[in-house]
Amino acid sequence: MKIYINEEFCSGCGICIEFCPKKILIPSSSLSKRGVFPPMVNKIEECTECRICELYCPDFAIAVEGDNHE
Amino acid sequence: MNKRLLSGIHLLQGDEACAEGAIAAGCNLFAGYPITPATEVSERLSWRLFDVGGIFVQGADELDSLTIVIGAACGGWKAMTATSGNGICLMQECIGYAAITETPCVIVDVQRAGPGTGVATKTMQGDVYQVRYGSNADYSIIALVPDSPQEMFDLTLEAFNLSEIYRVPTFILADEIVGHMREKVVIPEKVSVVKRRKPRVPPKDFVPFKVNSDTDVPSMPAFGEGYRMPVSGLTHTETGSPSTSYEVQKALVERLCNKVEKKVDDLTRIEAAFMEDAQIVVLSYGSTARSARRAVIRARKDGIKVGYLRLITLWPFPDPYLKRVVSEGPRAVIVPEMNVGKMVREVERAVGGKVEVISFPKPGVELHRPDEIYNLIRRVR
Amino acid sequence: MRQHPALRYFRFDRPGTPHLWCEGCGIGQVWYCTIRAIEELELDPDKVLWVGGSGCTGRMCTYWSGDYFHTLHGRPLGFATGVKLANPELTVICHMGDGESAGIGGNHLIQTARRNMDLVAIIINNFNYGMTGGQFSPTTPRGAFTMTSQFGHIEYPFDLCELAATCGATYVARWTSVQARQLIRSIKKGIQKKGFSFIEIMSQCPTQYGRRNRIGNGVQMMKWFKENSIRKEKAAGMSEEELKGKFILGEFVDENKLEFGASLREIIEKRKAQNV
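Chains A, B and C are the protein sequences, given in the same order.
Heads up: the first sequence begins at 16 in the numbering used here, then just goes up one per residue.
Heads up: the second sequence begins at 996 in the numbering used here, then just goes up one per residue.
Heads up: the third sequence begins at 709 in the numbering used here, then just goes up one per residue.
No incorrect hints appear here.
As a list, the in silico SDA-like pairs of lysine to any residue whose alpha-carbon atoms are at most 20 Å apart: (1) Lys1258(B) with Glu1097(B); (2) Lys17(A) with Pro713(C); (3) Lys1199(B) with Asp752(C).
Cβ-to-Cβ under 8 Å is the rule here; a few derived chain A residues that face chain C: (4) Tyr19; (5) Glu23; (6) Gly29; (7) Ile30; (8) Glu33; (9) Glu69; (10) Tyr71; (11) Cys72; (12) Phe75; (13) Ile77; (14) Glu80.
Here are the computed distance ranges between Cβ atoms for each label pair: (15) Asp1200(B) with Glu61(A): 46 to 52 Å; (16) Lys1193(B) with Lys38(A): 53 to 59 Å; (17) Leu749(C) with Thr1234(B): 28 to 34 Å; (18) Gly1003(B) with Leu966(C): 36 to 42 Å; (19) Leu749(C) with Glu1266(B): 57 to 63 Å; (20) Ile41(A) with Cys1084(B): 57 to 63 Å; (21) Ala944(C) with Asp1133(B): 52 to 58 Å; (22) Leu46(A) with Thr1234(B): 30 to 36 Å; (23) Ser1240(B) with Asp754(C): 27 to 33 Å.
For the record, the hints were derived by calculation from the structure and aren't laboratory data.
Here a beta-carbon is modelled for each residue, glycine too, at the ideal position from N, C-alpha and C.
Bound-form chain A, shown alone (with noise of 0.2 Å):
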């Protein structure tokens, strides 16, 4: 199970923290190039593969990988 950011196209709006129902993801604590706080992955073992960030992400920033690396 692995979260990809794209620190390149994330925009640090940080819809996927707020609406990912495990609460998983938090800001990064280091800006980006770009100057805001992309998300990073806390707990990725409670990730529940349910792609709500990847459904919500406005600049497609966000790939979940799951263990079947579907």
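Given the coordinates of chain A, assemble chains B and C onto it according to the supplied hints.
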């Protein structure tokens, strides 16, 4: 009535002949709004098109009409609309869009007296600049001017062909007299129809707006043929990417204008008579030329060395032809036209002061009478 | 790095990284929902045309990797009608903004709905004209602040779904950007429906509308949508006072009647039979 080409001799109204010309050219969609004096074009196509497997749509207005026409053209069909001067006003945004997207389409303007609502049922030639320069910024179009129902057929067919070759909105600039009169129209056994040029390379090798070297015009796939066409009204590069740079703007605008302007000699169509020893020339277009003809013939009978030129292609304006003709002897050009004097400016510009140019404007509703033109020829002589 | 699934259909040689919409804007969300609908229906992307007009929503089509038709402000439905009549095999999806569809595009909307033209109209309603700086539109609520209603807006807004339904649309639905799954389902239904499908999405424009009306950023606006979303079945039993400021969501119309292109083609067939 399910044949596209109704070969034979007919008595047709100009507007009806225009409709037949479109059908002969392969027009599959017509979308138009009722407007005097062009309504009859719509009415005839509202039943003829279905009979030949095409579609007629009555637009909710002129904008609806031309957007549907342009859409159908981008979907692979040949398409046309017809209106009058005040309808062309409403279509200007779409005309500019067709110009920048290089969409082939035919727009018939059966001119009425104006400005504004004017006199719907009477003639004028007031839109000669509107069709050329009416939309915002710079582009080129082609405009053909019929003088009879026969030419309404012939030139509408020609307009479709030119529109496909040059990928520009092409105008039939008729006037109410030509649109509403009835005359003999001969529809031949065979006509020459230009097919749209499609790309000859597969999608991965196709650059959407790169020109073919033999025509200076790009090939045009339709939506749904796998070419992933990026069609937009924004200034764009060869690949269809929008751009705000000067270089891209310059390249695009120059290409859109030059593809027509540089081919002016190929596009020039002029009817000429009595020109060999002409000292005075009467230069006219559209239904005015019918009166000019009679006046010139009568003046010739009186021994006056007068020549006759009738512009059939109005845009691109035939500068090179006029420059050549003027250097061969005439000392005066009379330009009768039914407006305040518009094409006379183009003539003045083209002849560059080498001959006297005399404007004979009549600002709408009434056609020049042959004796009016004849009397002027006598005065000029 | 694994890419977001939307990017499989994305044109990267266009403005922005990856696109030009603001931080928190809902348009990217609707873009992906449209992709999901196309994928789940297993449509051939080469037979799907995206049509757009002007403004932020108008730009959606320019990022789609297939055929796109970026047309004039307010007029996508006219152009789309022409394409679809010439090639009925195509799936034609029009994305329009609120001002685009109901202001300058008002007549195109009511005529296309009346004709029941087989198109999918996805309307992103963010209550203003975003790209030009946040001026009011025909859906801006009374009292709202925009660049051209700085004392509080005095005009009455449209209910776009009611408008589309009255004009004859055969599928009408409304969601907010929060109900993304329902939106995907509605887009699929709209694509499959042979008729005019109208799907309205209340969406966040944090930069202009959210900021000026002190609703907040993308997150805060989505929370505002969530808190004020009411399904139409529930709204039926509520008073006008209780429904003030709420977004009434659901499918309002789902019926069948012969669409425009099919009716026109019927004439061709009839005439063929008569002319034989």
